[in-house]
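A.B. asks: Put together the whole structure using the sequences plus the hints.
Chains as they are written, first to last, in the UniProt record's numbering: chain S, 1 to 289; chain F, 1 to 236.
Because the hints were derived from the structure by calculation, they are not lab data.
Note that beta-carbon positions come from the ideal geometry of N, C-alpha and C, so glycine has one too.
With a Cα cut of at most 35 Å, we get these calculated DSBU-like pairs of lysine-lysine: (1) S/K46 / F/K86; (2) S/K194 / F/K86; (3) F/K225 / S/K46; (4) F/K225 / S/K194.
Footprint (simulated), chain F over chain S, 3 or more residues, beta carbon under 8 Å: (5) 89-99; (6) 191-202; (7) 207-214.
Ranges of calculated distance between the beta carbons of each label pair, as one might list FRET restraints: (8) S/F45 / F/L172: 30 to 40 Å; (9) S/E74 / F/S174: 24 to 34 Å; (10) S/R117 / F/I34: 43 to 53 Å.
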Amino acid sequence: MSSPAGVIHDIGYQRYEGERLGRGDVFLALYAASLRTAFGLGRSFKAKIFPWIIVGVVAIVGIVIMAIRAQTGEVVIKYAELPEVLGTLMVLFVAIAAPELVSRDLHSGVLPLYFSRPLRPADYALAKLSALVTAIVLVWGGAQVLVFIGAAFSVKGFGNVMNELADAGLGVVYTALYAVVFGSIAILVASLLKRRAVAAAAIVGSFLITGPIVAMFYILPSETAHQLAQLFNPASLVGGVGDWLFEPSSSNEELGIGPFGPLYALVALGLIALCVTLLIARYRKVSKS
Amino acid sequence: MSTVAWITTRGLLGRRRFLLLLPLPILMIGVALIPRFEGVSPQEWAQPVLVAMGFTTLLPIVALIVGTGVLGAEIDDGTITHILSKPLARWRIVVPKLLVAIAVTAASAAVPFYIVGALASGPRLGIGLVVGSTVGAVLYSTIFVALSLISRRPVLLGLVYVIIWEGLLSNLVSGTRVLSVQQYALTIADKASASDLLNGNVSFAVAVVMSIVVTIGFLVLAIRKLSSFSVTGETS
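C.D. replies: Printed below as a string of structure tokens:
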């Protein structure tokens with residue numbers, strides 16, 4: 001039997017007498033704090049500039065669509081098209097928020113403190129990811145809700161309002177799909193890089209560089225290549241899933257996805273699963289080092 | 001090679017950090033191989049690969065990572081004070097760091113541009129593209145090094161500039177082309193290669209004059225900014 005190597009002296013600090021919360025509460029606290037971080041809440045003015053510029057632009061677009069809808073009754077952009085139209089801004093938003101959420105903790109080396117709590121590596125990863133996804137849904141889904149409010153007061157009859165509500169609801173669900181795909185890629189890339197600046201550039205690079213690949217597949221002679229082209233970019237991948245879900249009739253056109261709709265959905269789910277698995281594996285490794 | 005340049009190179013490429021510069025060039029070459037072996041004519045695939053992938057994405061993103069890495073990283077960490085406290089004129093700090101940034105960016109762009117150019121039409125186009133991408137590397141690096149002295153969040157500002165100004169506006173709105181680094185690089189590459197696969201949107205004279213003006217302007221700005229640089233605390 002070995003003798004104790006050290007002794008912890010009681011030097012008279014006040015004891016913590018309250019209830020000790022478990023893993024679930026730690027998860028919720030981390031999630032709430034991360035959601036605030038995504039918008040720079042509770043931080044200096046400088047941390048708020050970039051996220052709120054994006055929120056502002058998205059909100060303005062939402063208000064303009066709402067105003068046009070209310071004044072003329074014309075549907076400029078459908079609910080489901082909104083995240084696609086503002087996709088570039090979504091790339092910028094995840095490039096701003098994701099490094100702020102995960103690269104900071106890596107850079108300042110505070111992860112051992114997190115993992116000395118009941119929190120597990122997978123919990124940390126999923127709390128950060130769900131905070132980013134929630135932030136995206138709040139911003140883009142918020143714009144869709146704005147448009148819905150404008151539409152609900154301009155259409156006649158309760159039935160039409162219910163139709164609008166169904167469309168808007170589907171639109172928000174579709175936004176959530178965008179959010180999960182963009183968020184999981186961004187958090188994964190950011191979790192590999194300690195420096196926020198480099199992480200932001202790497203995230204944008206990974207989204208932008210895949211765009212021309214899609215354009216490249218369109219110039220191949222085979223029609224199947226055209227229909228599969230959109231698989232190679234996260235934004236157009238989700239766009240393809242959207243085409244399959246919302247416009248089954250028009251998908252036979254030249255730029256359509258043909259009969260590959262289910263494949264698009266499968267690839268999107270596979271991509272999310274892959275990113276989340278790699279993310280959790282990354283934090284398992286970090287927690288051991 | 002001065003000590004500043006040596007330290008900068010090591011900070012930029014050491015400890016596996018050079019791996020970060022590899023994926024984009026490799027992807028660009030890989031994408032060019034597909035239509036090459038499918039037998040599609042270069043007239044069709046040169047535009048998306050060279051312009052959309054090369055000049056609009058690879059060049060500015062690599063320049064952004066490298067250009068803000070040579071100076072911005074040290075400002076971020078606060079280790080810039082170690083260099084600033086040495087008896088060195090401030091331009092002797094900016095210039096070697098800028099040269100390292102240009103060399104690294106130009107080298108990581110030149111290889112894929114040459115290979116893709118050679119695949120598309122031959123060595124002449126490859127050389128022309130290397131000239132054009134090197135001009136682009138000089139311009140972007142100078143802008144981003146200056147940007148990392150102007151703002152504490154140079155990468156986010158740079159990303160907004162690359163995506164909104166270079167990516168969206170200069171390809172859609174013709175008026176902003178006169179003020180677009182991408183268009184200068186493209187025009188010079190076009191002139192140097194004399195190939196019909198590229199077409200510059202601004203005149204050659206404008207591209208050359210504006211390139212020189214932009215480079216000197218941002219270099220002077222960077223040196224002036226570092227001369228009056230004050231070390232501030234963490235700004236979250």
